[in-house]
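Visitor: Next come the chains, spelled out residue by residue.
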Amino acid sequence: MTWLLRQISIEGFRGINNAGSPLELSFHTEKVNSVFAPNGVGKSSIFEAVTFALTGAIPKLDALPAAEQGGSYYLNRFHPGNSGTITLSLQPGQAGPAIDVSVMRSSAGVRTVTVSDGRDGEALLGELNREFVLLDAKTFQRFIDDTPLNRGRSFSGLLGLGQYSALRQSLQTLANTRAFNNHFDFNSKNGRKLLIEDQIGQERAAIRESYLHLVGEDAGHLSHAELQTKAHAILYNIPLIQPRCAGKTFDQISADECLVSVREAEGGPDRDRLAQLLRDEDWWNKAIAALPTSDQVTGLVDIARERDTALAQTQGETFLRLYRTAKEITESDAWADKSICPACDRTGETSVLDHARHKVALYDAVTAASDKLLKSWAAADWDKIGELEKSLQQEGEALLIPAAKSGIAKQEFTEPTAIHLQTRVDILRTRAASALAATVAAKDEIEKRLPASLVAVTEKVEAARRLQTAFTKLDQLLAALAALDVELDRIERVRTFLADASGAFSQAESEAAARRLAAVEPLCQDLFQNIIFDPVVPAISKRAGGEDLQLSLAMFHDHSNVSAQSLLSESFRNAFAISVYLAAASLYSGAAKFLLLDDVTSSLDAGHQFHLMEVIRTRFSRPLTLDGPQVILLSHDTLLEKYFNTNGSTAGWSHQRIEGTPRTAVLPQSNAVNRVRDATLDLLNAGNAQDAAPRIRQYIEYMLEDIIIRCKIPVPMDIALGDDRRMAGLLIGAIDAQVRLHGNANSLILTAAQVQGLNIAVATITANFLSHWSSGQTQAFAPGALLGVMQAIDNYAQCFKFEPAPGQGFRYYRSLSQQ
Amino acid sequence: MAKKTYEFAIDDALGTADNLTAFANELAGDAPLAAALTPHLEPLASGRTLDSAAIWNLLFEASAAAVPAPADGTDGTE
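Taken in sequence, the protein lines are chains A and B. Using this note's numbering, read the first sequence as starting at 1 and increasing by one per residue. Using this note's numbering, read the second sequence as starting at 1 and increasing by one per residue.
Treat each hint with caution, since some may be false.
[What the hints assert, rightly or not] Just the calculated beta-carbon pair ranges, DEER-fashion: (1) B/A65 with A/T249: 31 to 41 angstroms; (2) B/A35 with A/A479: 25 to 35 angstroms; (3) A/N674 with B/G47: 41 to 51 angstroms; (4) A/H557 with B/T21: 30 to 40 angstroms; (5) A/G809 with B/G47: 52 to 62 angstroms; (6) A/D444 with B/A65: 56 to 66 angstroms; (7) B/A35 with A/D185: 52 to 62 angstroms; (8) A/A479 with B/A65: 16 to 26 angstroms; (9) A/A233 with B/A35: 47 to 57 angstroms.
In case anyone wonders, no lab produced these hints; they're calculated from the structure. We put the beta carbon where it would ideally sit given N, CA and C, even for glycine.
Using the sequences and the hints, build the whole thing.
Guide: Printed below as a string of structure tokens:
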């Protein structure tokens, strides 16, 4: 659905106070609209109000330093209501009822949007917020001066691909491997998988060892069920513990209960001690097996050193941003000489791009080494080693394993820490070997004291316990590995899905951009040609798959394929940008079928201003371009206003002028002249001469210009282009000169009484208002005298009217010489 | 690992909503993941703040469903 702008209503926002009487600017939806305002009257406030309505922000205020408190300047400082309201009346491009979208901002900065038909206002405004709806000279300047990448992104929006570009960037972010891996802890999970696989190997070895000890033969290729059957048979065939095994499977047999039977048969604490020593021996063996190999620890030290070295060559996050930006700029095709530094413009002997790439790569090396550390750490069972360290801890000795684990996670693991850890692992290996040897010696000592048969039973029972434990742990590990494999597969599936989706969308967007660019370029060239009328042909291009948008000149007089930025004057550069925007808006406008152009001609001379206006009128805007956009031009240029005035009297153009001050009110001069008059009289009757004075100026200038236009009174060119405090006086002088001329030529249509009335009115206006106004002596104004001035203005206008027949009402003379 | 290749063209004649629907349909080669991602396409295209972690988690949850069998009868793995 498309929308045209029927009216803007503003109160209490920026330079528009209008307390209780909003500035209402009506626009024709089937005409070119122009609004003229002298400097300081509120034209930019209108543009900013619509900007805020559509975007929720005024960039120039938000960009101010915090101390300036830009946010507090959104609202009019003189408005009593502590809020600002902007209402956009929108007319559907097709049939349908008009709607009012009201946007309010409170003094606390809270924004509220309501729509007359209850729909989601922010969503509608979001749809209307297209790149070409609000255009000013800065937009065009930025488009030309921006980096090709930023320009390309703006251009995507112009082509109606802004949302596609946003989605592509989002998909690319989702498919970013590093962030994705970090989120799912992918490297650690892979490291953990290696560890579990290693532990599975250890448990299988433990099963073979325990089985050999229990059964007295190698496990061979027997299945676990077969192993358990044979193990069960061994225990069952020992008479002493047979009752403990009867009716149970191997894993149900309790080693502790079997040992109770042994203890009951022999008695004494040595039996318990022997069993404990056998379990201790098993624990030490496993703890020693869990220790990382020398190669693993050396590898950890090497990676830590590699990371330290890489880190030492970097200079922190700020420099990383600097190098990335320098790389991005110098990689661009627009940066032809790669040896020129983008920061200082100096030319070096080597490539800045190569340097930036090298520096960024150094940071990448740190990241890569951190990842390697993480993976290498996860590949060893440090929790088990931590238990070993704790059990072997000597007085005054700090535990290193937990600290190293924390250091790895926080990326603070350095080479000295790694070397310290390496030494600690060696010490643990030695201490654990000693502890194991002591355990074995103690066990041997007890075994010598106990009967050999009971020793053998105890050893079988402990071997059976180890076998049971190994089977249980193996089952747990296999289950954990299966679960981890499923998890890793699912992560990989999501990654593949996102990578493929992102790639597919990216390619589709790139192809769509290429098609639309090909459509925009010839139209852009046509518009540019009709603004400039020189043998200059602009060209826009985008490399396949890239976002950069390059500007160039296909032809510049007799040169081809040359730099646009280097050759074009500021005005032609702006004309280039304007042509791009208008061409894109012609072809790819969305919900917003209207454009606000604020002082877009400021860099053009009078001739090119008129060319641009003619391009807009005849080749771009409705009504001459069927289904073209509705254009609303804002300008303070007095020369351009003459063009507006000329066209304003034609069927396809609507022109209005606004007057006022930020302190009181801004009002349209034409349709609202009676409101100006009434408001002025109200102020004067209330004794407020200061606020009434600017409105008297507005009223008198309107009335004088109305007389000049209606009675076709010629005025000198310098008055026509003037716009200052002397304007009213000059207009009265010009009218007076023409009245005297016709009087001397005996062709004056005014009666003698009317001429006398003119002189009386002029005397009052001049003495009580203009003499003070033109010199800025406004403190001399008295409300009573100014009420007389308002009456004199009406009397003055009345002298140029006649009543064709009694009761028909008064109308202006057609000229000073005829009714 | 599931092998999915998407071929998608943005149609100049269609609006964003239609194109996003077409894109979502194209992704339906992995229907569970497509169903999880589809509700986010419009917000992401509107430039709203991207909560990558939330979307990744949703996709991961969706990946609990089996990988759909490919229509061409191949085993769909690589």
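Visitor: Would you mind marking each hint as holding or not holding in the structure?
Guide: Hints versus structure:
no. : hint                                  : verdict
1   : B/A65 with A/T249: 31 to 41 angstroms : holds (38 angstroms)
2   : B/A35 with A/A479: 25 to 35 angstroms : holds (30 angstroms)
3   : A/N674 with B/G47: 41 to 51 angstroms : holds (46 angstroms)
4   : A/H557 with B/T21: 30 to 40 angstroms : violated (50 angstroms)
5   : A/G809 with B/G47: 52 to 62 angstroms : holds (59 angstroms)
6   : A/D444 with B/A65: 56 to 66 angstroms : holds (59 angstroms)
7   : B/A35 with A/D185: 52 to 62 angstroms : violated (25 angstroms)
8   : A/A479 with B/A65: 16 to 26 angstroms : holds (22 angstroms)
9   : A/A233 with B/A35: 47 to 57 angstroms : holds (56 angstroms)
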